[in-house]
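K.L.:
Sequence:
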Amino acid sequence: MKSFLKINDKDNVAIAIKDIKKGTNIIDYNVELVDDIKKGHKFAIRDIKKSEDIIKYGLPIGHAIKDIKKGQWVHVHNTKTNLSDIIEYKYQKEEAKNYDKLVDKSLKFMGYRREDGSCGVRNEIWIVPAVGCINQVCENVKKIAEKKYPNLTFKVLHHTHGCSQLGDDLSTTRKILAGLIKNPNAGGVLVVSLGCENNQIDGFKEFLEPINEKRIKFITAQEVDDEYEASMEKIDQLVDYVSSFKLEALPISELNIAFKCGGSDGLSGITANPLCGYVSDKLVANGAITMLTEVPEMFGAEKLLMNRAHSEDVFEDLVVMINNFKDYFKSYGQNIYENPSPGNKEGGITTLEDKSLGCIQKGGSSEIVDVLDLGEKARTRGLNLLNGPGNDQVSCTNLAASGAAIIVFTTGRGNPFGSVVPTIKMSTNTDLAKKKKNWIDFDAGRILSEDMSFEELRDEFLSYLIEVASGKKTKNEEFGFEEIALFKNGVIL
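The numbering of the sequence shown is my numbering, which starts it at 15 and goes up by one.
It cannot be assumed that every hint is accurate.
To be verified - Restraint ranges, calculated between C-beta atoms of paired labels, are given here: (1) Q150 - L507: 18 to 28 Å; (2) I506 - Q106: 35 to 45 Å; (3) L116 - E464: 15 to 25 Å; (4) K448 - D240: 32 to 42 Å; (5) Q150 - N22: 51 to 61 Å; (6) M466 - D240: 56 to 66 Å; (7) E102 - P356: 26 to 36 Å; (8) F493 - E129: 30 to 40 Å; (9) S258 - K94: 54 to 64 Å; (10) P224 - N337: 31 to 41 Å.
None of these hints come from the bench; they were simulated from the model. Just so it is clear, CB atoms sit at the ideal spot from N, CA and C, and this is done for glycine as well.
Assemble the whole structure, with the sequences as input and the hints as a guide.
P.N.:
Here's what the structure looks like:
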């Protein structure tokens, strides 16, 4: 295995795929390294003049702020983003690719078909607080229910919102909670209200319409003498309902699979994210729904996405989503191009363009069929883009609220987080997979360490994905990581 990789013929940098010492000769480019280069980081393979673009993935990821000699480390100390403010976009539609050769009607999973036609990969009962101050009551109900029904899975969707919220902020909380309640992995749901919160049950029900009263039950703790007894009466009814669903073989066209990255490194855009793209394309070719979010991590790569929009209407919706998120940054006095976190930078990601060009590869090369807002259910088969930030907990919550039955989460730095739906952790490098066996479910670094093709690893991962969809537990499920976090942008009373 080589110690470095040049991604595109146009690139003027290469990426170290393992630590390389200063003085090492890179014979392919007649380069002697001037600096130590850590795994995932870039070095110049020719002289780059001040103000000249740094090219990676065949596209600019920023420009040099000083002359860079070949063999030098290329990173935040000598590179700056090219991004600025809101810009105008023009729709230049790419011709849709033909994926007929990826169709495989034999691909099926064992899942649960719901009365509304959606399909879940788990048959659980979720207990949802209408307000954060009822969290522990819900947790206590869960413990009682688990003791009574040890063969069923109960989850509490802990959060801190629902009280002292106003206007659009309260509506956002209701939309996301409603989306989570509608997720097909929940066979039944108990909504527990305190009674005095802003998120009153009567108002919240409007976001849940139409309500299947067999599937969704409600109690208000302040209105009953014993909230545990009242809750368990509802749980008993939900258990009867949930038990009526049986596993059946379903085509993968019934899946909604989301792709997300967190704790990225310089290999994310080389191994795990492209692998997700290959998987997404095959899922789409077979009629499934796939989703991407993390709008700030589209900045700098958004034109590539816009040209893949299925129609002018989808293009316009994507422009609005991008520009609205830029306005959101500006409304708080934040630069719209200062995104890479300290961990991202430590892992070798230099600018937002660098991160974004790697990030969007999770969406493969399929057409974009729809653009979704927070809490909006994905209904159009194909690749969907979802509004929302890049924060791991918030974005995974948003994806689950839009109907994702499974989230594939790529990471190069490592991350134990798991959402309320099965969250497959895919490592960008083999070292991480070996080190954090309690976190990582699948190693995409094998593309480099075992010199595998993306097609080979795609089919292997798809087989694993079908196992998870059919009941195999992910590490987040084994270790009890089932967190949500609701997006907030408003006043607290």
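K.L.:
Give a verdict on every hint.
P.N.:
Evaluation of the provided hints:
1. Q150 - L507: 18 to 28 Å: 22 Å, holds
2. I506 - Q106: 35 to 45 Å: 44 Å, holds
3. L116 - E464: 15 to 25 Å: 23 Å, holds
4. K448 - D240: 32 to 42 Å: 51 Å, violated
5. Q150 - N22: 51 to 61 Å: For N22 against Q150, whose Cβ atoms are near 53 Å apart, the range 51 to 61 Å holds.
6. M466 - D240: 56 to 66 Å: 58 Å, holds
7. E102 - P356: 26 to 36 Å: 33 Å, holds
8. F493 - E129: 30 to 40 Å: At roughly 32 Å between Cβ atoms, E129 and F493 fall inside 30 to 40 Å, so the hint holds.
9. S258 - K94: 54 to 64 Å: The hinted range 54 to 64 Å holds for S258 and K94, with Cβ atoms some 60 Å apart.
10. P224 - N337: 31 to 41 Å: 34 Å, holds
In summary, the structure is inconsistent with hint 4 from the numbered list given earlier, while agreeing with all the others.
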